[in-house]
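J.: Letter by letter, the chains look like this.
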Amino acid sequence: MLRVDRDTLSAVAQAELSVSSACAAVNALGWLAPWWLRREVIERAARRQPAYRAYLQPLRLPCDPGGCWAIFVAQAASSLLRPAYLLPLRWQRGADDPLLPRPLRQLAEQIRGQFQGAGWGLTLAKPDREEAVDLSLLQDSMGTDSAWASLVGGLLLARDGLSADAHVWASVAWNADYGIGSVAGVPAKLDLAAEWNVREIFVPAQNQPDVSEWQKAHPQTSLKISLLSPLSLNNSGSSPGRVLEAYLDLLRVEPSADQSLELKKRFYTQVGRSRALDFYWKQLLAEAVKNCRNSLPPNCQPTHLVTVVGLEQSIVAMAALTLRVKHCLLLCTNPEDNRLAKCMKQVRERLEAENIQCVVQQIRNANRQEELAMIDQAVRSFAENVPPDKLACDLTPGFKSLTLALQAIAPRGCWLMYCRHEQQGADNRVKLGTERYDCWQKDG
Amino acid sequence: MNTDMNSPYIRYSLTATATGIIDADALVDSWLDEFLELVEEFQPGDEYDVLALYGRLERVRFDLIRATGREAAWKAARDKVQAQLAHFAAQALRIPNPEGWLAEAQALADACDDGLADELAEWAADLLYDLDDADLVAWAARTVGLASPDEPLQRCKEWLANNCDRFFPAGVLIQAIGQTLQPDLPALDLDLMATADKFVLLLDALEEAEADMRRLAVIPPQRVQPARDPAWNWLSEPQLMMAAQTRQSAGLKRYRWRSPDGAFVALLVANPEAPATEPVRLTLDTTQGRFAVELAGQEVCLAGCTGRVDADGCVDLDRVALTKAWETGASFKQLLVGTGQQPWTAVAED
Numbered sequence: 002m003l004r005v006d007r008d009t010l011s012a013v014a015q016a017e018l019s020v021s022s023a024c025a026a027v028n029a030l031g032w033l034a035p036w037w038l039r040r041e042v043i044e045r046a047a048r049r050q051p052a053y054r055a056y057l058q059p060l061r062l063p064c065d066p067g068g069c070w071a072i073f074v075a076q077a078a079s080s081l082l083r084p085a086y087l088l089p090l091r092w093q094r095g096a097d098d099p100l101l102p103r104p105l106r107q108l109a110e111q112i113r114g115q116f117q118g119a120g121w122g123l124t125l126a127k128p129d130r131e132e133a134v135d136l137s138l139l140q141d142s143m144g145t146d147s148a149w150a151s152l153v154g155g156l157l158l159a160r161d162g163l164s165a166d167a168h169v170w171a172s173v174a175w176n177a178d179y180g181i182g183s184v185a186g187v188p189a190k191l192d193l194a195a196e197w198n199v200r201e202i203f204v205p206a207q208n209q210p211d212v213s214e215w216q217k218a219h220p221q222t223s224l225k226i227s228l229l230s231p232l233s234l235n236n237s238g239s240s241p242g243r244v245l246e247a248y249l250d251l252l253r254v255e256p257s258a259d260q261s262l263e264l265k266k267r268f269y270t271q272v273g274r275s276r277a278l279d280f281y282w283k284q285l286l287a288e289a290v291k292n293c294r295n296s297l298p299p300n301c302q303p304t305h306l307v308t309v310v311g312l313e314q315s316i317v318a319m320a321a322l323t324l325r326v327k328h329c330l331l332l333c334t335n336p337e338d339n340r341l342a343k344c345m346k347q348v349r350e351r352l353e354a355e356n357i358q359c360v361v362q363q364i365r366n367a368n369r370q371e372e373l374a375m376i377d378q379a380v381r382s383f384a385e386n387v388p389p390d391k392l393a394c395d396l397t398p399g400f401k402s403l404t405l406a407l408q409a410i411a412p413r414g415c416w417l418m419y420c421r422h423e424q425q426g427a428d429n430r431v432k433l434g435t436e437r438y439d440c441w442q443k444d445g
Numbered sequence: 007m008n009t010d011m012n013s014p015y016i017r018y019s020l021t022a023t024a025t026g027i028i029d030a031d032a033l034v035d036s037w038l039d040e041f042l043e044l045v046e047e048f049q050p051g052d053e054y055d056v057l058a059l060y061g062r063l064e065r066v067r068f069d070l071i072r073a074t075g076r077e078a079a080w081k082a083a084r085d086k087v088q089a090q091l092a093h094f095a096a097q098a099l100r101i102p103n104p105e106g107w108l109a110e111a112q113a114l115a116d117a118c119d120d121g122l123a124d125e126l127a128e129w130a131a132d133l134l135y136d137l138d139d140a141d142l143v144a145w146a147a148r149t150v151g152l153a154s155p156d157e158p159l160q161r162c163k164e165w166l167a168n169n170c171d172r173f174f175p176a177g178v179l180i181q182a183i184g185q186t187l188q189p190d191l192p193a194l195d196l197d198l199m200a201t202a203d204k205f206v207l208l209l210d211a212l213e214e215a216e217a218d219m220r221r222l223a224v225i226p227p228q229r230v231q232p233a234r235d236p237a238w239n240w241l242s243e244p245q246l247m248m249a250a251q252t253r254q255s256a257g258l259k260r261y262r263w264r265s266p267d268g269a270f271v272a273l274l275v276a277n278p279e280a281p282a283t284e285p286v287r288l289t290l291d292t293t294q295g296r297f298a299v300e301l302a303g304q305e306v307c308l309a310g311c312t313g314r315v316d317a318d319g320c321v322d323l324d325r326v327a328l329t330k331a332w333e334t335g336a337s338f339k340q341l342l343v344g345t346g347q348q349p350w351t352a353v354a355e356d
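Protein chains in written order, with my numbering: chain A, 2 to 445; chain B, 7 to 356.
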């Protein structure tokens, strides 16, 4: 086992670059060398020990559930140590890794208390074959406070079984009064994030002057820097998780199509509304459709459906997919509205991929009488020669005035339908698995 | 990990077991977590889960319980459960659904030919846990004299016995559970031992399948033999057939030797992923960190493989020769530097 204490780190930090000092530094830091040492140091060491060329390969952050990474800054300029460097970590069931620096274990303990993390331990994310590196003697050589947000993200994703996005970073400390506490070494951390092609990094709003200065020096950067604002935790009722909401939302990686439905449901309930809606459309709608089919009366077998285009594509497409109709009339108020146009395009593409022919009819925003007339004409033309029991009108999506008008003009004997579902969360999103259709025949 | 070579539940011929990638400690830790939490926050309706975990932990090796550092908590929670065993068992026996299990198992069997490996593994593991839970709850009921649903449970076990291969996607879990079991269960509780019989059947079938694959050269012949130094396993890294889900990450292997006078150290750093044609380099330094230039020109011998120290204190050793030496059981504990000298001794990792 390699032991890295303050003296080891000082010796590495103070050495001048040479093949000999590079070898000594890599030998001393073991698997942490490529994370902590400048690239040219590894290159020098590899001249004497070719196996160290493996450390020149791109490093991979631990993104699997529980994986997280903390950013630290060197205490003084060094020819060998990077100005800012990463420590790859992982939450897993069990105790904390005794090889971690004590302040980091204390931070892990604090986070377990804040986020009901009993039973989870923080460990070094060491590659399997590598020799262990003992960092437990590093007491004050690393400022660990700024690892708070990253560690929180890792723990919450570990509990949910979700992977982390390697391109979303945070360097944010905890403050008991305001949730967010300032951190040190922001410019060096931003340099490191830019080097890693990070998409977005979250830093405390208190560090805004550092950020402005860095941005002035890097006008071409594609790195998005988001400031997390302190909140008064005493009065606002905000929780530690709430202050990190924006970061956690981006950090969660969408489960892939072949992952379990359980995991997908967890992702859907954990992310922000916008990502949740998008994910429902991509990966959960098919399951919902399958469930909804069980709620249809056996004699409800229409071939034509009329629906109103609203802003949520899933609920617009759901009825047509559930009924497996052959033709669908999409009533749309204002195709110039970009959001409606986008929704219409997505619905149309999806239905046509399922061999459902779509007809789009614009309904001008007007008064009730005019809307009734326009919809009546559109439906008559669409359902010409269609027996009433082969026509369905979905009253779920779209603007209320249009669905009410649709209900009014729907021919006697046709099917009217409405999707019910239970709601969950503060933003009343659909509770998965509860979607079902109420179907009835008009004047039937 | 402290394991018993004679345990019927541990099969060293299986690749995942032989390569030591299975973490039985973590498994026991997670069961104990769940059990303690359930007992602590007990709600009516939890009886079935409590009894299943209670039974599962009763089967676990004592050293693994001790290794969790929560032996006292386990004993206290177990006492609580035992005090209410009859009541819990009466409630829990209402839950098993053998017919549902059989239907689900058949669905797994149907899906095995075209399913995704990850999904099948999870599915097979869930089914195995479900059956084991029912088995353990029935055992707990019998210990307090209640009649358990033996006949339907027996049908599930028969199905498993006839379809062991359907559980192969959960092969690593099966081996891991096997490693948690007390080797002398028969001496402790024959009835409890019977709940572990399914793992013996599954392990037998796994062994047979891996042996068949070796015969067909789908996986290399068994490489782990007692004579071979396990620290050098990477020289002939096995394919992990049953451990497809295990996280594998690259890394370098390091070995150190110290000269008899303590003045020099040798460090061998190997990249197991490097091509066979790439030599493995040994670097010799003084303990002050200087290159051991004074050893230039000396012959070095490790496990019968030789090289010569260059002007920078480096020696290249042939990777293929080292691999062959390892396969024949040569010792890597000593490094010979120069002729007629005392061997340098390996510095153990601590």
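Quick caveat, the hints were computed from the structure, so don't treat them as lab data.
A portion of the hints provided could be inaccurate.
Stated by the list, open to error - Simulated pairs of lysine to aspartate or glutamate, DMTMM-like, Cα-Cα distance not exceeding 20 Å:
| hint | chain 1 | residue 1 | chain 2 | residue 2 |
| --- | --- | --- | --- | --- |
| 1 | B | Lys-259 | A | Glu-350 |
| 2 | B | Lys-259 | A | Glu-44 |
| 3 | B | Lys-339 | A | Asp-444 |
Claimed, not checked - Cβ pair distances, simulated, as ranges:
| hint | chain 1 | residue 1 | chain 2 | residue 2 | range |
| --- | --- | --- | --- | --- | --- |
| 4 | B | Glu-157 | A | Arg-294 | 54 to 60 Å |
| 5 | A | Glu-263 | B | Leu-196 | 17 to 23 Å |
| 6 | A | Ser-11 | B | Glu-214 | 56 to 62 Å |
| 7 | B | Ala-282 | A | Ala-185 | 43 to 49 Å |
| 8 | A | Arg-200 | B | Ala-237 | 52 to 58 Å |
| 9 | B | Arg-220 | A | Asn-295 | 28 to 34 Å |
Don't be surprised by glycine CBs; every beta carbon is placed ideally from N, CA and C.
J.: None of the hints should be skipped; say for each whether it holds.
T.: Here is what the structure says about each hint:
A hinted pair counts as satisfied when its Cα atoms are at most 20 Å apart, and Lys-259(B) with Glu-350(A) does not qualify at roughly 53 Å. Taking the CA atoms of Lys-259(B) and Glu-44(A), the gap is near 19 Å; set against the 20 Å cutoff, the hint holds. Between Lys-339(B) and Asp-444(A) the CA atoms are separated by roughly 91 Å; this puts the pair beyond 20 Å, and the hint is violated. With their beta carbons about 37 Å apart, Glu-157(B) and Arg-294(A) fall outside the hinted range of 54 to 60 Å.
Separated by about 38 Å at the C-beta atoms, Glu-263(A) and Leu-196(B) break the suggested range of 17 to 23 Å. For Ser-11(A) and Glu-214(B), the Cβ-Cβ distance of about 58 Å falls inside the hinted range of 56 to 62 Å, so the restraint holds. Take Ala-282(B) and Ala-185(A): their Cβ atoms lie about 48 Å apart, and the range 43 to 49 Å holds. For Arg-200(A) and Ala-237(B), the hinted distance range of 52 to 58 Å is not satisfied, since their beta carbons lie about 41 Å from each other.
Between Arg-220(B) and Asn-295(A) the C-beta distance comes to about 48 Å, which lies outside the given range of 28 to 34 Å.
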